[in-house]
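Given next are the chains, with one letter for each unit.
There are 2 protein chains.
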Amino acid sequence: MNIVVQKFGGSSVKNSERIKAVAQRVCTAKEAGNQVVVVVSAMGDMTDELLALIHEISPDPTPRELDMLLSTGEQISISLLAVAIQSLGHTAVSLTGWQAGVKTENLHCKAKIKSIDAQRIKQELDKGQIVIVAGFQGINELGDITTLGRGGSDTSAVALAVALQAKICEIYTDVDGVYTADPRILSEARKINVISYGEMLEMASSGAGVLQPRAVEFAAEYGMKIHVRSSFNDKPGTIVKEVSDLEREMYVSGVTHDLNVAKLTVIEVPDKPGIAFTIFEALAKARINVDMIVQSTKAETVTDLLFTVSKDDATQAMQIVQNLIPQLGAKGLHCDDSVAKVSVVGAGMVTNPGVAALMFKALCESGINIQVISTSEIRISCLITAEQAQDAVRAIHSAFKLDADISGPIRPAVDLL
Amino acid sequence: MNIVVQKFGGSSVKNSERIKAVAQRVCTAKEAGNQVVVVVSAMGDMTDELLALIHEISPDPTPRELDMLLSTGEQISISLLAVAIQSLGHTAVSLTGWQAGVKTENLHCKAKIKSIDAQRIKQELDKGQIVIVAGFQGINELGDITTLGRGGSDTSAVALAVALQAKICEIYTDVDGVYTADPRILSEARKINVISYGEMLEMASSGAGVLQPRAVEFAAEYGMKIHVRSSFNDKPGTIVKEVSDLEREMYVSGVTHDLNVAKLTVIEVPDKPGIAFTIFEALAKARINVDMIVQSTKAETVTDLLFTVSKDDATQAMQIVQNLIPQLGAKGLHCDDSVAKVSVVGAGMVTNPGVAALMFKALCESGINIQVISTSEIRISCLITAEQAQDAVRAIHSAFKLDADISGPIRPAVDLL
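Respectively, the protein sequence lines represent chains A and B.
Everything in the first sequence is counted per the numbering used here, starting at 1 for the first residue and increasing by one.
Everything in the second sequence is counted per the numbering used here, starting at 1001 for the first residue and increasing by one.
Don't read these hints as lab results, they were simulated from the structure.
Remember, predicted model here, so these are calculated numbers, not experimental data.
Think of the CB as a built atom: it goes at the ideal place given N, C-alpha and C, for glycine as much as any other residue.
In silico DMTMM-like pairs for lysine to aspartate or glutamate, Cα to Cα no more than 25 Å straight-line:
1. A:Lys127 with B:Asp1060
2. A:Lys14 with B:Glu1049
3. A:Lys20 with B:Glu1049
4. B:Lys1020 with A:Asp60
Chain B regions said to be covered by chain A (calculated; three or more residues, Cβ under 8 Å):
5. 1053-1059
6. 1065-1075
7. 1080-1089
8. 1093-1099
Input sequences plus hints: build the corresponding full structure.
Below is the structure:
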């Protein structure tokens, strides 16, 4: 029998009506002859409410206790969904992360899944149960509850799908799939039918909030097919899978933007070996992801070192680097959080060198100044001021004609320079 | 080093201000040189809010999922209290029921604790941590979360105190201790300084909500001293312990009343062997506690069988007995939930046969009709109409002069008949 893993995010289970609708959908998958495992996030605003509660007590709660608290959010959702499914006449059992055998590393608040012992889930599936698993959470080797960080339920779902050798991992969300740009800010944005793991990873990492990057990595590593679709309708969404060049629809898949960015500048560091190592090793130890990095020589002996982190990490990153300033012999440290990153993602750009130029042209013609540029094989990102982000997305989306209807199987995005 | 177990109920942790006050009290005990284990209930109305949430989905959720849901209430409290204690500069760690090694039988919603594996708690205490444990919950041998029923956190606290060989188990509540009657309905009620396990058990079982009866049984079995006291002030409360006759203050300790009672009457059952067995075995299987039982012969061949259960169990008890009616050959079944049980409790009544008569006289003089009488060695209970409960408590309390100031070490309650 096929195993299907379905994941429902917070907006899909935000109240009892939505939970009943999800139950209906889950039962349909079961009635179609599948064994069904459902992964759920905390209800809508539950996480924020819990955070407000703990912040009344301390502005800076310890990570272990934060995980203890936040993990209750999914535990509430799984019990409610199990009962909703039982009300529809199916048998269902809810499992917390630790009951589902989700083992993580010891780190709190952004732990990675180390392994999944799926024995209990398999037992319940064999008994004919629909199994509801709390996403976002696991247990470390000390027996403490850990959480996987923002969007962690996606990773829970994909990891469970892999462990259970599921046929597919369905990620239900409040949009119809992955779009060529954020449809909330650009109505011309078009749904992408099929996208490769590599492109999805770049899009997820550069601001498309629809999937956690780690979930895409996991799926790519094990070849698990993901279907990103809406929990509000039955339309087909976006399939994330290995895509051959022949299947590819466009050279450029989409434009993303990310407002959750802060730019830190270490001012006038002596230009000598070991500076970058010192800073980024300290940040890595604190598990702070550094994204764009630019080092620009100001004079012969000093340089400005500029890098970006997510806004969530900005305060901690500032503290860490501030402590290093005397040791580095730098002049100062500056933080700017009114920046945005806009990116173009597309596997086709490897063989089309004009992509970068077209993007820069679109930004230039809109009067948008580029502060930092970074690239990967299939992505080009520009850091700009936050208030111009929407204009930038529109200009780039239009320049690459991503709003155009697609008919042929493959074609260049546009007349590349 | 002495181990002290402190238990705080829902009203003591109902908001962040109260949680901070509890943290302060816990730290004081730690600073006095004790190893401290704290057991907490869910915050104030949390349990009711969670119940409202699940009842939006189903009027009759399955017990396993109900436990999965309700156990989040204490998990929230423990994390908040741990953070509040950490903010005061002490180290603390929160543990769920399963992390604290609380093993229960498989039954959901009113499981009994089978054993406690206190290894993790001891490890944390040895590291100098204040340990915060979620009350009311445990884990069964399947690895599922169970809860202990109404007031279960008291039992968690006493069981942990026994497992850890604590010096004392302090139960913090919103009243100053155990009273000769409920001080909310009788202002003359007097705080009892010392009470025996036996009397406390009778009082708890007959309506004094201050302690779960099972907790008292546990304490009596292992000789664990309980101190029931207020979380709002530092006054000494009531010590529950083995009491010698010499220490006893009064022959009668208190008057209790219980409005959480429903009276079921099986009408005109044939008067033959096996009837009571059939009914009460069926109820026992469903874990419904039957309290008072009266069988009164109506005619030579038929009898009315009358018994009381808690209101929470009334609907289920009615269903169970209704199904037995044809088999029993009874005429019908009737339920009356506008009844109350008033009781007099006192170890001294064993040797003072006038206690019952004085109680009946007090009720009679207040024009209160007695529907059912039941007695134990140290308790006499009368079932009356609910609306007369307060008058009954006042009359009995006054008849036994429980409001009188006590000076001498021992004396009869009053001039017994």
